[in-house]
Each structure stands twice: as structure tokens, then as C-alpha cells.
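*Asks:* One-letter residues, chain by chain:
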Amino acid sequence: GAVVSQHPSWVICKSGTSVKIECRSLDFQATTMFWYRQFPKQSLMLMATSNEGSKATYEQGVEKDKFLINHASLTLSTLTVTSAHPEDSSFYICSARDKAYSNQPQHFGDGTRLSIL
Amino acid sequence: EDKVVQSPLSLVVHEGDTVTLNCSYEVTNFRSLLWYKQEKKAPTFLFMLTSSGIEKKSGRLSSILDKKELFSILNITATQTGDSAVYLCALRPGGGADGLTFGKGTHLIIQP
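Line by line, the protein sequences are chains A and B. According to my numbering, the first sequence is numbered sequentially starting from 194. According to my numbering, the second sequence is numbered sequentially starting from 64.
It is worth saying that the hints were derived from the structure and are not from the lab. Remember, it's a predicted structure, so these values are computed and weren't measured experimentally. Be aware that one or more of the hints could be misleading.
[Unchecked claim] Computed cross-link-like contacts, BS3-like style, restricted to lysine-lysine with a CA-CA straight-line distance of at most 25 Å:
#, chain 1, residue 1, chain 2, residue 2
1, B, Lys100, A, Lys292
2, B, Lys66, B, Lys167
3, A, Lys234, B, Lys167
4, A, Lys207, B, Lys104
5, A, Lys234, A, Lys292
6, B, Lys103, A, Lys234
7, A, Lys213, B, Lys104
8, B, Lys167, B, Lys119
9, B, Lys104, B, Lys167
10, B, Lys66, A, Lys234
11, B, Lys100, A, Lys234
12, B, Lys104, A, Lys234
13, B, Lys131, B, Lys119
14, A, Lys257, B, Lys66
15, B, Lys120, B, Lys167
16, B, Lys103, A, Lys213
17, A, Lys248, A, Lys292
Please model the complete structure; the sequences and the hints are all you need to start from.
*Replies:* Printed below as a string of C-alpha cells:
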């Protein structure tokens, strides 16, 4: 089955540092990948849609300069949280859809738990 | 703005019971409704529903969609402790936007 790998699974770092999270589709190609954020006891909220070879589309209220997205190949998207602060602490999950099967559901990575001290 | 409301938000039952989880929605342009199960990490896909009145079934789980009344239910029969999880309902819109809108989830606990 389709597998999405997300790395790292857990990050703890100091306030002010930048953190990069990778999302890879292991056995399929994904023109589009999605980044979600989940706060404790809350639902997944779509942050941005990552498009291979072009700029990401951000949801209202998500700062594009804060959350940098790069989708340089059909199997890799990265999310960089720049100058992270404690309020950025959250669970970040990516998903991807196989470009050959646009009607199929998205496949999710295992998520990255980000803790900013 | 698309909206997904799930109920109940939490539910505790005993092993062997049958549970029904609810999902109502508002959407401008509907493409599909999806159910996911989330344990500790990533959501795992359960069902995708696009047409009204057609039940999807997988083992002890089943789901159905009513596009006129704008809701879906997820049924789990003969529950087991391994069914304990958060069950998420999500909307996939039609048109250009493709990201999912999720409900808050139902936190289901199955007691032995």
C-alpha cells in the first residue's frame, strides 16, 4: 500500500531556532502534498497545500514566511518552521495523494511532535 | 466556509457493545466524506463516501452517507478494546481546493 514517511517524529528545541520536517512518498509520486497541524484535543487543521514545482497555497491565518514549504520533487515536501516559539509547539502531519489516482484518499505520515522550549 | 461537526466528542462503552458515531457537515462544493481512525500517530483511512444511501462495510465497521440531510454515521458492532481511538470525519471539497476539513473527532474508549 501507499506509504508516507515523515521525519523526524519528535523534535525538542530552543525558542528562536528553525526546524525542518520532511515528508516523503515512498512508493508513489505525489504532485500535491498537504500539511496539517493538530493541537492537543483539537482536530487536524489544514495549514497549506504543497505543489510540486510551484509555490505552496496557504490557508487563511497561516503565515507563509513563518512556515516555509518546499516541494522540489514528486516524492518530497519539506516544512520549515522558522524562528520557532513555544506557541508553535504542536503535532504536524503531512499527507499525500498518488498523482495516478486523484479520486483516492490521502495517505498520512506518522506526524512530527514539535516542542519548543 | 466548510464545516464538520462530530458527536459525541467522547464515548465510553463496554467490549461487545455497538456504537454509532455521527458526523454532520456544511459544504459549498461536495466531493467526498471520509472517515479515519487515529490512535497515537497518523490517521488511518477507513471509508470514503461519495453517494447517498450506499453502505460501505469492512468487517465490524460500516458507514453510510445522507447527502440530503448532510450527515454520515460510522457504526462499530461487537466492539473490542483495539477499537479504542479517535475517529475523525473529514470533507474533501470539489473544485480546485483539495485539502481536507476535519471534525474534532470522537474519542472512543472500549472498556474490557
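*Asks:* Which hints from the list above does the structure break, by number from lowest to highest?
*Replies:* 5
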